[in-house]
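Participant: Okay, here's what each chain looks like letter by letter:
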Amino acid sequence: MELGRAERLFRDALVEQPDHLEARLRHGRVLGDLGQHDQAISELRRAVADGAAGRLLYYAHLFLAKNHEALGAYADARRELERAATLYPRAQTPTLALSRIWLRTGSRVDAQRELLRLAALPEDEREREDPWWDYYDLR
Amino acid sequence: MVGLLRSPLMAGAGLALWVALPAAQTFSSRIEAVREDVLVTANGSPLPGLTPADFEVLDNGVRQSIDLASFEQIPLNVVLALDMSASLQGLRLGHLQTAGSTVLDGLKSGDRAALVTFTHVVSARQGLTDDFDRVRAALFENREEGMTSLVDAAHTGMLIGESVAGRPLLIVFSDGVDTSSWLTAESVLETARRSEVVVYGVEVGERRASFPRDLAEVTGGRLFAVESTKDLSTAFAKILDEFRNRYLISYTPRGVSGTGWHRLEVRVRQRGATVKARPGYFADEK
Numbered sequence: 001m002e003l004g005r006a007e008r009l010f011r012d013a014l015v016e017q018p019d020h021l022e023a024r025l026r027h028g029r030v031l032g033d034l035g036q037h038d039q040a041i042s043e044l045r046r047a048v049a050d051g052a053a054g055r056l057l058y059y060a061h062l063f064l065a066k067n068h069e070a071l072g073a074y075a076d077a078r079r080e081l082e083r084a085a086t087l088y089p090r091a092q093t094p095t096l097a098l099s100r101i102w103l104r105t106g107s108r109v110d111a112q113r114e115l116l117r118l119a120a121l122p123e124d125e126r127e128r129e130d131p132w133w134d135y136y137d138l139r
Numbered sequence: 001m002v003g004l005l006r007s008p009l010m011a012g013a014g015l016a017l018w019v020a021l022p023a024a025q026t027f028s029s030r031i032e033a034v035r036e037d038v039l040v041t042a043n044g045s046p047l048p049g050l051t052p053a054d055f056e057v058l059d060n061g062v063r064q065s066i067d068l069a070s071f072e073q074i075p076l077n078v079v080l081a082l083d084m085s086a087s088l089q090g091l092r093l094g095h096l097q098t099a100g101s102t103v104l105d106g107l108k109s110g111d112r113a114a115l116v117t118f119t120h121v122v123s124a125r126q127g128l129t130d131d132f133d134r135v136r137a138a139l140f141e142n143r144e145e146g147m148t149s150l151v152d153a154a155h156t157g158m159l160i161g162e163s164v165a166g167r168p169l170l171i172v173f174s175d176g177v178d179t180s181s182w183l184t185a186e187s188v189l190e191t192a193r194r195s196e197v198v199v200y201g202v203e204v205g206e207r208r209a210s211f212p213r214d215l216a217e218v219t220g221g222r223l224f225a226v227e228s229t230k231d232l233s234t235a236f237a238k239i240l241d242e243f244r245n246r247y248l249i250s251y252t253p254r255g256v257s258g259t260g261w262h263r264l265e266v267r268v269r270q271r272g273a274t275v276k277a278r279p280g281y282f283a284d285e286k
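Listed in order, the protein sequences are those of chains A and B. The first sequence maps to residues 1 to 139 in the working numbering. The second sequence maps to residues 1 to 286 in the working numbering.
Bound-form chain A, shown alone (with noise of 0.2 Å):
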């Protein structure tokens, strides 16, 4: 109920605002959320042409992964996945949905790989940046 209510929020919010780029991201998460990963995919895609970049778009390539996954469009979600990593390095996000997929599609050796990837990542806190850890923050 609370998702069903945070869509209505937001879809309310983009038509006062259609260029909130915040809000529009939120807002395909939402629609994910709720089962609806086409138009999720529409909107997060929306997001991405209309100028999204650092944590947003982070945040965009994440979500698409999930809702590309959702569909069974695992090759899709990989390159959203790969996308995201590519944007942060250190983020440990992109590389655990890398290997979860991997084994979801039968390539043990594939996510293992991947299993490399975190193991390489800095143990320092400080030294790693992964903005998911954010993503709740309200600022």
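No lab work stands behind these hints, which were simulated from the structure alone. Only a predicted model underlies this, so the values are computations on that prediction, with no experimental measurement involved. Some hints here could point you the wrong way.
Claimed, not checked - Quick look at which bits of chain A chain B covers, simulated, 3 or more residues with Cβ under 8 Å: (1) 75-86; (2) 100-110; (3) 122-129.
Claimed, not checked - Part of the chain A face toward chain B, derived, beta carbon under 8 Å: (4) Ala97; (5) Ala119; (6) Trp132; (7) Trp133.
For every residue, glycine included, the Cβ atom is placed at its ideal position computed from N, Cα and C.
Fit chain B to the known structure of chain A by using the hints.
Facilitator: Relative to chain A, chain B alone:
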């Protein structure tokens, strides 16, 4: 057919993460031998001395002929995935580190150990190794506080457990609920259903999440709930002892379809005995 690779990524990082790369996958229209890790207890204690004739295995309801039921001391691959989030500091952290060290003390020649620590940061600190001092050193390193990525860490621990051929055990400890994972509990439970890793969960404190219990259940493991971190060493030692006293049963499925989910039922003939095994497995086309 299985090679060991030392990743160039590790060069200069001071880590040796050995990964076994399986041989290239080929298509097969039949299921290969199924191996299941089974705990049999009577009056709360492991029941030794059982033979293949004592077991009954049903695969999707079809009785199977068991090739092997081994109680031998097969080398273990033990992965510790330990919550180091903000609430685990000071004395409580010390209890946890001591508990991890207790597991390492209980390992034998041929066994391997690995360490994953997590806050919101998941650190694959040490891959499977027979150098237990190395794992112990990683266990006692200083680390930052943070949130809790329990689900992500459990996924990582299972991956490590399967990275080297052997008998994998994952011990997952947390004192709270997940607050920062990307992976969902359901996706990791699905991974677990397809994995050979047996997961034992250990929880402490008031807050209880269903994920650790569910993860143990789908892998044929158990959840230990302790009152205090002072009890962690005892719990970890019990887990190791119990895992060593599990049977490894093997059979080649016959009379069942080749792919998809297979419901597994494992029984023993002894009255009063309790059997703990994973509820099934996935047979994939390769």
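Participant: Run the structure past the numbered hints and jot down the numbers of the failing ones, going up.
Facilitator: As far as the earlier hints go, only 1 is violated by this structure.
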